[in-house]
Amino acid sequence: MAGSFDRFWISSTKEDVMAFSRRNFLKYAAMSAGGTLLAETPFLSARAREKAEGGNVRYVPTTCEMCFWKCGVIAKVVGGEVVKLEGNPLHPQSRGRLCARGQAGIGLLYDKDRLKVPMIRTGPRGENRYKQASWDEALGYVADKLKGVEDKYGPEAVALFAHGSPGTYFNNVVRGMGSANVAYPSFAQCLGAREVAWELTYGQGPNSTCERVDLANSRVIVLFGTHLGENMHNSQTQEFAEAVGRGAKIISVDPRYSTAASKASMWLPIKPGTDLALLLTWINIIISEGWYDKEYVEKYTTGFEELKKEVKSYTPAWAAQETDLPMRQIVESVRDLGRYAPNVMLHPGRHFSWHGNDVQRGRAMAIVNALLGTWGRPGGIWLPPKVNLAGFSENPEHPKANKDAVVFGDYPFAGGEGLTQVLRETTIKGDPYPIKAWIVAGTNLIKTMPKPDLTRRAIDNLDLLVAVDVMPTDTVMMADVILPEATYLERHDGLFTITTREAGIALRQPAVAPMYQSKPAWWIGSELCKKMGLEQYAVKDTWEGRMRRQAKKWGIGFDELADTGYVAIPGSAAPYITATNQPVFKTPSKKIELVSSELEEEDFDVIPKYEPIEQPKKGEYRLLYGRSPVHTFTRTVNNQWLWELKKENEVWLNKKEADRIGVKNGEIVRLENQDRVVSEPVRVRATERIRRDCVFMIHGFGQHSPAMSRAYNRGADDQKLITRYKVDPICGSTGMRVNFVKIIKEA
Amino acid sequence: MELTITGANAITFPILHIWDWRVAIYLFLGGLTGGLMTMSAVANLRPGKVVPRDQPCCWRIPLIAPILLSLGMFFLFLDLELKSHMFWFYLTFQPLSPMSWGSWLLILIYPPMILYAFAVLPDELKSGMADGFIKRFADRMRPHLLRLARINFVCGILLAIYTGILLSTFVARPLWNSAILPVLFLVSGMSTGTALMIIMARKNEVKLFFTKVDIWLIFTEIMVLLLLFYGHYTSDAVHRLAIMPFFNTSHQFFPYFLSIVFLGIFLPLAIVLKFLEVTGDHSVELTPSGKFLMNASAVLVLLGGLVVRFALVYAGQLSGYGGIM
Amino acid sequence: MPKYAMVIDQSRCVGCMACVVACKRENHVPPEQYRTRVLEMVNGEFPRLKSEMRSELCNHCDHAPCVTVCPTGASHKEDDGTVQIDRRKCVGCKACIAACPYNARYINEEHGYADKCSFCQHRLRAGKKPACVATCIGQSRIFGDIDDPNSEVSRMLRDNSYRVLKKAAGTRPNVYYINQFPKKS
Ligand SMILES: Nc1nc2c(c(=O)[nH]1)N[C@H]1C(S)=C(S)[C@@H](COP(=O)(O)OP(=O)(O)OC[C@H]3O[C@@H](n4cnc5c(=O)[nH]c(N)nc54)[C@H](O)[C@@H]3O)O[C@H]1N2
Ligand SMILES: Nc1nc2c(c(=O)[nH]1)N[C@H]1C(S)=C(S)[C@@H](COP(=O)(O)OP(=O)(O)OC[C@H]3O[C@@H](n4cnc5c(=O)[nH]c(N)nc54)[C@H](O)[C@@H]3O)O[C@H]1N2
Ligand code: SF4
Ligand code: SF4
Ligand code: SF4
Ligand code: SF4
Ligand code: SF4
Ligand SMILES: [Mo]
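Same order as they appear, the protein sequences are chains B, C and R.
The numbering of the first sequence is our numbering, which starts it at 1 and goes up by one.
The numbering of the second sequence is our numbering, which starts it at 748 and goes up by one.
The numbering of the third sequence is our numbering, which starts it at 1073 and goes up by one.
In isolation and in its complexed conformation, chain B is listed as follows (with noise of 0.2 Å):
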């Protein structure tokens, strides 16, 4: 076995540890086929695959859009039906691979539950019914009452969710009418204070299409968290199991043994809410201890001095006691990160709002990796590709909004893609004023944001809700107007910039032609600007044309590009400091600040501090949750390829503490929070893989819509227990690990 380990292991301390380059893929394909009767033709070319077979078989380079990671997908199209998907070899994000989710897409395409016609809802809201209606009748519909909107209470009342590609063509019928009320799920919900967190320490996040770690390359990987292997982000996890193969330590902090933790050298079943804890106290070893890169924090960073003394007080004995992990283990884990520094990480996680402490936890994580220089080191952080692509806009800029956006509520640090949960806050109150309509694009709000009865009431609210979705979805089911968009394997969205350790650019086209009357968002949202009278910012003449033009712009063939799915951009790749590439902060002081100027000036803790959260009364539990490998929260559980292999969520419950409640593995149980919701039924497993004073949930479960026949009533909905949620001050995200709840056995 130690033979292995050495013929795989790549150098990290070498400059030349490349970045993973098409052609170094296409070296890396032929040799792992030995060069005997498997030398398999790489593929390069759709339609030179399709000449050498022959036949009525046709191959469609794609993007995948089962989950948000972008893989290129190639389509095999045998007499217009989609019969399997591949993995695009070009493609960094799929490396050839498609994860069990991007394989089942076509269990997407061809659901009979999909949504196929545009429909207008005749009864009383959530009562599922609905009239069906032509586009024109449709679009003419909600023009008309988005107008209705406008005119009694201006535009900004019309308010846009969106999440994934669909959204991009409403933000024309949004912002064209003069309102700023967009929001993603993406930022409050997910990855927001992760980005926050190290653009005040880095000035730049960790990207959000791709995390830049190197895990590759990296001999130590800290998990917070991130249960890769269960959080199955394609290329991600592949170089997970890659550093796993080769043998590098993995390190994972998580109350629950996940897949990642099986694959650790060290499991550090940490209490739920204390990282920050380990984390302050991971930097005073380091710093006392002399783990540090003395160079690097020298030359790139400011505040080290401050952050030594600040950290001082933070010993392994009192975090031992605060986070409920052995000494030794805090100290080892540590060490291991120093010992092999600076080809270690931190890895920055992505779902980031736990407990409304967020950011701060964020900082401290970037803080590590400054200390131990990981930023632009091989096995570390990777550096941005060097690109400059034009901005490409074939229409004209949006008009100044008619009133500021409320989508940032009080949080200096909000980012860009709004906050969901105050623009349903303003919804229900009217405050500072009234928001009447909303479009609902690609993402399932009701079971998407914490507190679901609060975006009931929001949704009882409005004059108009339109959905515009694939599937007949919770939320969808509360629409006035559903709009059937086809599925990414029928239509045409991007150009998409990838940014891997290079950039290039990637597409989507359809495989095949919309089923049903299903439309491209493209058209919807350009029809709908027609019906609006907002003409100027209607496409042209179609996307794929728009899609040419822009091509021509950035100087990539398109014709090539939907050949290969996949065109690198030549020499952008720059991914580890050099003497001639260096990296460049953009925080005020242009170094990475361990201490936050920014942060400073909003009057928010320079350095983390630690302060305990709430934790559960005796006989509750913290409710957590997270990924299954085959499903995406609730846009897959429908999916009959992913459904037979998941068909509900369980209850993660600590043996012991089933013995000593008695409830059987097994058992079908109900769980009720601290603001007594009760859930629905769920069946538990009795484990020795969770801590005992927290339960565990699959997200995505438990759909209430009749008209998802598979999914309907299987497993239980996490959501509609997480009634409380903390916000985090600095950036507004929504911290959901902070309802308990109880154990109630079923009569």
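In short, the hints are calculated from the structure, not lab data.
Predicted, not measured: the structure shown is a model, and the values here were computed from it.
Glycine residues also receive a C-beta, built at the ideal position from the N, C-alpha and C atoms.
Take the hints with a grain of salt, since some may be wrong.
Here are the simulated BS3-like pairs of lysine-lysine, each with C-alpha atoms no more than 30 Å apart in a straight line [to be verified]:
id : chain 1 : residue 1 : chain 2 : residue 2
1  : C       : K830      : R       : K1200
2  : B       : K617      : B       : K655
3  : R       : K1161     : B       : K84
4  : B       : K745      : B       : K617
5  : R       : K1239     : R       : K1075
6  : R       : K1122     : R       : K1238
7  : B       : K742      : R       : K1122
8  : B       : K655      : B       : K742
9  : B       : K647      : R       : K1122
10 : B       : K429      : B       : K400
11 : B       : K531      : B       : K131
12 : R       : K1200     : B       : K84
13 : B       : K656      : B       : K720
14 : B       : K309      : B       : K655
15 : B       : K618      : B       : K145
16 : B       : K664      : R       : K1239
17 : B       : K656      : B       : K618
18 : B       : K617      : B       : K656
19 : B       : K309      : B       : K591
20 : B       : K618      : B       : K745
21 : B       : K745      : B       : K647
22 : R       : K1200     : B       : K51
23 : B       : K84       : R       : K1075
24 : B       : K655      : R       : K1149
25 : B       : K312      : B       : K590
26 : B       : K617      : B       : K664
27 : R       : K1161     : C       : K830
28 : B       : K617      : B       : K591
29 : B       : K116      : B       : K84
30 : B       : K540      : B       : K552
31 : R       : K1122     : B       : K656
32 : B       : K403      : B       : K152
33 : B       : K312      : B       : K299
34 : R       : K1149     : B       : K84
35 : B       : K742      : B       : K617
36 : B       : K618      : B       : K664
The following label-pair restraints were derived from C-beta to C-beta distances [stated by the list, open to error]:
id : chain 1 : residue 1 : chain 2 : residue 2 : range
37 : C       : D767      : B       : N56       : 40 to 46 Å
38 : R       : H1100     : C       : L843      : 28 to 34 Å
39 : C       : A757      : R       : F1118     : 30 to 36 Å
40 : C       : G978      : B       : N665      : 32 to 38 Å
Chains C and R with the ligands: place on chain B using the hints.
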């Protein structure tokens, strides 16, 4: 251990369930037919006796046997997932596949069975017949009766053993994978065959003869059954585990436990009843109650044979090779 | 002729099930039926736990009991070392399903024949790797010609200690498992 399997097939997980009552009945009827062939041959070959050709057990049983066998094969046919491909059984011979040579064996058994049935047709019956093909053919076969009986004797044994071999060759199913199983099925087949002979027989003397034979067979059957369990019990863990369902009173395994109770009570009971019969005073005609008891014990034996097949077919599918490793 | 084999590096399996879905779509496996599966096993008591992840499929045994029992010759061993099923000849007697110690087979509910992993023979013939291997996120599944000393599978087996499943069953599998537990460095 906490085990999660994603992508298991319902047909094999959590337990194998490929074969059901259809196969159990097929195996039962196969064994029964074997028993009938052998025992009707014995009836016709009984040493020192004039062949009691008018005895229903001597001529009706050979007539019934092919029908029962065909019925058994019909149940097997019902079990096939691709019935239209049935003919492939007979377009090939797979020397290592018990099912292949089983299917050929069944075909090869028919001719001696049918010829035998012709040979034993009693004269009274034939005299009532028109002078057709059947009568002439029966007359032609009559001189070969004893030879045919001997062939049937052997074929019956082969058939009954075969039904057990079919199961015993599955290494992957520990409960079946025992050399004792074919012996058990052989004895069980013979005992059920004998039981049916007793029921069909008219003459006291014949009834008593087969009752005596059956006592020995049932006794052997019980011994072999015990040996089967003992053999598994003293074997490795998977085999020991394989017999567990029979000794577990939990809800899940209750039918298996019940089957053991059934066999444990009814087979010995049948022996006792039979023993009482043969030791009784039979200078006079059998009393109706005596006859009833005799037939009742024979029915118990038949039921026992059925239970053995059902229990083993189902329980064998609960057993697997070597756990998950 | 090559002799195909698969080496499964258990330390690299992340339990993502991409192989399971890819196999189903590639081979038109009906709903809720599978040619390959993934096992996750965790032993021990909190917090001292040890885990094992493993994908399983037909082992393409050299001494395949499923081939031996097949009454029609539908199940057979081919020159490339794979065990295949000739669907025209299969009567659906299910003997092979009972005979396989690995529970690798099932009856295709849409068509009635016995079915199992084919090592994606149709892809091999087209010079492609099996669908599950091609998409394996962890690159836990490695495929190749075990008779070729330079193939990756041969190298893997040379450099690592390996095992096969249920060795005592005497089936001589052609699927090998290495690195049962995550490596500690
Ligand atoms: N298959 C699949 N993959 C996905 C997605 C999907 O829907 N399906 N979604 C993608 C998206 S958008 C995101 S944002 C990411 C999210 O995925 P991650 O960023 O990995 O989410 P986390 O919340 O960090 O990880 C959840 C883990 O955190 C642990 N945890 C809970 N509370 C605490 C705590 O207080 N401290 C510590 N240290 N750990 C804790 C839980 O036990 C659980 O194992 O996943 C992405 N990947
Ligand atoms: N309780 C709880 N809440 C959470 C999380 C959690 O783990 N637990 N995770 C949080 C995180 S990290 C995130 S990123 C968010 C995710 O929140 P969402 O993005 O809202 O997640 P989904 O549930 O996948 O909803 C996606 C919606 O888009 C639709 N859709 C899918 N494809 C298309 C398409 O091509 N076009 C259109 N128009 N619609 C499409 C789906 O049918 C579905 O209605 O949720 C957050 N909320
Ligand atoms: S990670 Fe999986 S679901 Fe997400 S884009 Fe890639 S293939 Fe699609
Ligand atoms: S694993 Fe099972 S099905 Fe595959 S060859 Fe071996 S015995 Fe036959
Ligand atoms: S089910 Fe088909 S492949 Fe299996 S043993 Fe029977 S005939 Fe052979
Ligand atoms: S080799 Fe092919 S048939 Fe076998 S499990 Fe992999 S994908 Fe399925
Ligand atoms: S695709 Fe590979 S890593 Fe994923 S479950 Fe299958 S074998 Fe494991
Ligand atoms: Mo997210």
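Hint check:
no.	hint	result
1	K830(C) / K1200(R)	35 Å, violated
2	K617(B) / K655(B)	19 Å, holds
3	K1161(R) / K84(B)	28 Å, holds
4	K745(B) / K617(B)	19 Å, holds
5	K1239(R) / K1075(R)	19 Å, holds
6	K1122(R) / K1238(R)	21 Å, holds
7	K742(B) / K1122(R)	29 Å, holds
8	K655(B) / K742(B)	15 Å, holds
9	K647(B) / K1122(R)	27 Å, holds
10	K429(B) / K400(B)	24 Å, holds
11	K531(B) / K131(B)	21 Å, holds
12	K1200(R) / K84(B)	14 Å, holds
13	K656(B) / K720(B)	26 Å, holds
14	K309(B) / K655(B)	43 Å, violated
15	K618(B) / K145(B)	52 Å, violated
16	K664(B) / K1239(R)	35 Å, violated
17	K656(B) / K618(B)	15 Å, holds
18	K617(B) / K656(B)	17 Å, holds
19	K309(B) / K591(B)	20 Å, holds
20	K618(B) / K745(B)	17 Å, holds
21	K745(B) / K647(B)	22 Å, holds
22	K1200(R) / K51(B)	16 Å, holds
23	K84(B) / K1075(R)	27 Å, holds
24	K655(B) / K1149(R)	46 Å, violated
25	K312(B) / K590(B)	27 Å, holds
26	K617(B) / K664(B)	22 Å, holds
27	K1161(R) / K830(C)	11 Å, holds
28	K617(B) / K591(B)	44 Å, violated
29	K116(B) / K84(B)	23 Å, holds
30	K540(B) / K552(B)	16 Å, holds
31	K1122(R) / K656(B)	18 Å, holds
32	K403(B) / K152(B)	15 Å, holds
33	K312(B) / K299(B)	23 Å, holds
34	K1149(R) / K84(B)	28 Å, holds
35	K742(B) / K617(B)	10 Å, holds
36	K618(B) / K664(B)	20 Å, holds
37	D767(C) / N56(B): 40 to 46 Å	43 Å, holds
38	H1100(R) / L843(C): 28 to 34 Å	31 Å, holds
39	A757(C) / F1118(R): 30 to 36 Å	32 Å, holds
40	G978(C) / N665(B): 32 to 38 Å	35 Å, holds
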